[in-house]
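Q: Could you slot chain B onto chain A? The hints should help.
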Amino acid sequence: MLDTAVAIETPEGIDFDLVPSGPVARILAYLADLLIRGVVMIALSFFLGLLGGLGSGLILVCYFFLEWLYPVVFEVTKGATPGKKWLNLKVVHDDGTPVTLSSSLLRNLLRTADFLPFFYATGLISMLCNGQFKRLGDIAAGTLVVQLTPPQALPSQELPAPMLPPVALTQSEQAAVIQFTLRQEVLSKPRQAELVSILEPLMDKLPENAYAGDSGESVDEKRVKQLRQIGAYLLGKTGQGQTEQDSSVRAHVDKRL
Amino acid sequence: MKQALFEQMNQPFWQEYAELVGLLEKKQTCDFRQFVPAYRRLCQHIAIARHRGYSPHLVEYLNQLNWRGHQLLYKRPSMTWIGLMGFLRFGFPQAVRAHAKVISIASLLMYGPSLVLIALILWQPDWVYSLLDSHEVARFEAMYDPDAERLGEARDAESNVHMFGFYIQNNISVAFRTFATGIAFTLGSLFFLVFNGVYFGAVAGHLSHIGYTEPFWTFVVAHSAFEVTAITFAGAAGIKMGFALLAPGLQTRAQALQRAARDVVPILYGTILMLVIAAFIEAFWSSNHSISAAIKYSVGGGMWLLVLLYFLRVGRWRESI
Chain A
1 MLDTAVAIET PEGIDFDLVP SGPVARILAY LADLLIRGVV MIALSFFLGL
51 LGGLGSGLIL VCYFFLEWLY PVVFEVTKGA TPGKKWLNLK VVHDDGTPVT
101 LSSSLLRNLL RTADFLPFFY ATGLISMLCN GQFKRLGDIA AGTLVVQLTP
151 PQALPSQELP APMLPPVALT QSEQAAVIQF TLRQEVLSKP RQAELVSILE
201 PLMDKLPENA YAGDSGESVD EKRVKQLRQI GAYLLGKTGQ GQTEQDSSVR
251 AHVDKRL
Chain B
1 MKQALFEQMN QPFWQEYAEL VGLLEKKQTC DFRQFVPAYR RLCQHIAIAR
51 HRGYSPHLVE YLNQLNWRGH QLLYKRPSMT WIGLMGFLRF GFPQAVRAHA
101 KVISIASLLM YGPSLVLIAL ILWQPDWVYS LLDSHEVARF EAMYDPDAER
151 LGEARDAESN VHMFGFYIQN NISVAFRTFA TGIAFTLGSL FFLVFNGVYF
201 GAVAGHLSHI GYTEPFWTFV VAHSAFEVTA ITFAGAAGIK MGFALLAPGL
251 QTRAQALQRA ARDVVPILYG TILMLVIAAF IEAFWSSNHS ISAAIKYSVG
301 GGMWLLVLLY FLRVGRWRES I
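Protein sequences appear in the order of chains A and B.
The letter at position 199 of the first sequence is residue 199 when you use my numbering, and the numbering goes up by one with no holes.
The letter at position 226 of the second sequence is residue 226 when you use my numbering, and the numbering goes up by one with no holes.
Hints were generated in silico from the structure; no laboratory data involved.
Don't take every hint at face value.
Stated by the list, open to error - With a cut-off of at most 16 angstroms between alpha-carbon atoms, the simulated EDC-like pairs for lysine to aspartate or glutamate come out as follows:
| id | chain 1 | residue 1 | chain 2 | residue 2 |
| --- | --- | --- | --- | --- |
| 1 | A | Lys225 | A | Glu194 |
| 2 | B | Lys75 | A | Asp95 |
| 3 | B | Lys75 | A | Asp94 |
| 4 | A | Lys225 | A | Glu185 |
| 5 | A | Lys189 | A | Glu221 |
| 6 | A | Lys222 | A | Glu194 |
| 7 | A | Lys225 | A | Asp204 |
| 8 | A | Lys78 | B | Glu25 |
| 9 | A | Lys189 | A | Asp220 |
| 10 | A | Lys237 | B | Glu7 |
| 11 | A | Lys222 | A | Asp204 |
As the list claims (entries may be wrong) - In silico negatives: residues of chain B with every beta carbon more than 10 angstroms from chain A:
| id | residue |
| --- | --- |
| 12 | Phe35 |
| 13 | Ser104 |
| 14 | Gly112 |
| 15 | Tyr129 |
| 16 | Leu132 |
| 17 | Phe140 |
| 18 | Tyr144 |
| 19 | His289 |
Every residue gets a Cβ at the ideal spot worked out from N, C-alpha and C, and that includes glycine.
This is chain A alone, in the form it adopts within the complex (with noise of 0.2 angstroms):
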């Protein structure tokens, strides 16, 4: 695959991809937690001002923590700087797990390291040469940042109703379809044509009475609407008389568990 997403094993044999955050997210994140700290700090200095020597010495200490253990703080408790979590970012360890302490610590340590000779050119070549962009930080605390989706419902689509596809489909001709019926909202119509086109032998063994769409359309509307009721076939959607097959199945599987 040419994206960046890296598979994840879990104990359980399961694989889960992790998409890596490029340098823009990255760097946006960070302007964004410069700004708050910088805001913090202005606030801060100006009430612990009014305390004299007092104030000054939290005011140092303060600073210490914002410069050094503000990105701890939030990635250890919460997974993300307020930053990162503005763009959906998240710290983890290379096996997908939350991360800790210890290797918090260390890549925002090495944040110095990253920073030189100016601006974190360091951390930004580093990144750009690592296939997960990573920083020196981030290579040597073993963690990734890694891109999250907002989590989303199970997409349900309205389906026309199914139909028999002429030949039999392996299993990634069957995918091919499926994603073609279930993504055809995000093709533009000249692109869903080609596609369908390529697919010529096969509809054209489709019996003509199959289809009953209006006579005004065109053949490659015709055909993907003609697709996407095989797609639904390959679905599982079906038309009447569902709900007595599905109680069947079900009482079936539920044995089998």
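A: Chain B in isolation, oriented as in the chain A frame:
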């Protein structure tokens, strides 16, 4: 089984699972015992969905549920307060002893130049001006001037707190920098160790030469036991990390770096603690000039002895050497 039926049958379970995970994520009370069996069942569903070639949309949806559960189930042990006690009792001194070699190298790199510089400047006093500019020299002279009025009495509490903040901010940053720049094939750590050694040697040599011996050494002796030791530790950790890149052995460089970094983490935790202690002593004890020199020297000596004994004797239990 076709996908639609599979979805229809398992949808209620997925929703239940998502609610349970949501509660666990927010750390609210819930029936957590259901979580692990539910997680396993979800894993099975993913395996089925992939095997049967169900749509990527479904697999993606399930994967996301799985990821949220995975984050909750597979957490590596992190440091706790009880762990901290064990760390002070065993972990830290053992980690230091395990790295005795690299720590002695780092110490040599810091103490060596200091001693050489002190000797050099006592022999050729003018050389201090080729190392430090005259403003700095004047500043140090003013700080430790035995005739200055403020040396006679204890500094007031407010400026003590101010200096405490300054020491925390400055010294720990110096230690962190000494560690982190070691990743550049040890060069950064080497530089900062030698630089600190030279700087301290030049100041100490100069102040001893002009006869400010007592105010300077009584100030430095107590907290340096923690501060200087901590900075050599940080430097040693940096050297170890950089050396792993230089000579990775049978591992790849990335692996060697990761392992070395993991090894030195206990030393880093310890370094932070030592520097906080040092900042306390430096701000509230060292600066108090109303205490007689004899007491200050003996307390300082005691501190050094304490540090030495701690790293040599504490936590020998079940140590593998």
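Q: Does each hint fit the structure? Answer for all of them.
A: These are the hints, each one checked on the structure:
1. At most 16 angstroms may separate the alpha-carbon atoms for a hinted pair to count; lysine 225 (chain A) and glutamate 194 (chain A) meet this at roughly 14 angstroms.
2. At most 16 angstroms may separate the alpha-carbon atoms for a hinted pair to count; lysine 75 (chain B) and aspartate 95 (chain A) meet this at roughly 11 angstroms.
3. Under the criterion of a C-alpha separation no larger than 16 angstroms, the hint pairing lysine 75 (chain B) with aspartate 94 (chain A) is consistent with the structure, at around 13 angstroms.
4. With a CA separation close to 12 angstroms, the supplied pair lysine 225 (chain A) and glutamate 185 (chain A) stays within the 16 angstroms bound.
5. Restraint check for lysine 189 (chain A) and glutamate 221 (chain A): satisfied, since their Cα atoms lie roughly 8 angstroms apart, inside the 16 angstroms limit.
6. For the suggested pair lysine 222 (chain A) and glutamate 194 (chain A), the alpha carbons sit about 13 angstroms apart, so the restraint of at most 16 angstroms is met.
7. Taking the CA atoms of lysine 225 (chain A) and aspartate 204 (chain A), the gap is near 14 angstroms; set against the 16 angstroms cutoff, the hint holds.
8. The hinted pair formed by lysine 78 (chain A) and glutamate 25 (chain B) meets the criterion: a straight-line CA distance of about 10 angstroms does not exceed 16 angstroms.
9. Simply put, lysine 189 (chain A) and aspartate 220 (chain A) have alpha-carbon atoms about 9 angstroms apart, close enough for the 16 angstroms limit, and the pair holds.
10. A hinted pair counts as satisfied when its Cα atoms are at most 16 angstroms apart, and lysine 237 (chain A) with glutamate 7 (chain B) qualifies at roughly 11 angstroms.
11. Taken as a hint, the lysine 222 (chain A) and aspartate 204 (chain A) pair is honoured in the structure, with Cα atoms around 12 angstroms apart against an allowance of 16 angstroms.
12. At roughly 14 angstroms, the least C-beta separation between phenylalanine 35 (chain B) and chain A is larger than 10 angstroms, which holds for a residue marked as non-interface.
13. Listed as outside the interface, serine 104 (chain B) is consistent with that label: its C-beta sits roughly 23 angstroms from the nearest C-beta of chain A, beyond the 10 angstroms cut-off.
14. A cut-off of 10 angstroms between C-beta atoms confirms that glycine 112 (chain B) is not in contact with chain A; the least separation is 25 angstroms.
15. Against chain A, the non-interface label of tyrosine 129 (chain B) holds: every CB pair exceeds 10 angstroms, the least being about 29 angstroms.
16. The beta carbon of leucine 132 (chain B) is kept farther than 10 angstroms from every beta carbon of chain A, the shortest such distance being approximately 24 angstroms.
17. No beta-carbon of chain A comes within 10 angstroms of the beta-carbon of phenylalanine 140 (chain B); the shortest separation is about 21 angstroms.
18. Listed as outside the interface, tyrosine 144 (chain B) is consistent with that label: its C-beta sits roughly 21 angstroms from the nearest C-beta of chain A, beyond the 10 angstroms cut-off.
19. Distance check on histidine 289 (chain B): its Cβ is at least 18 angstroms (rounded) from any Cβ of chain A, clearing the 10 angstroms threshold; non-interface status holds.
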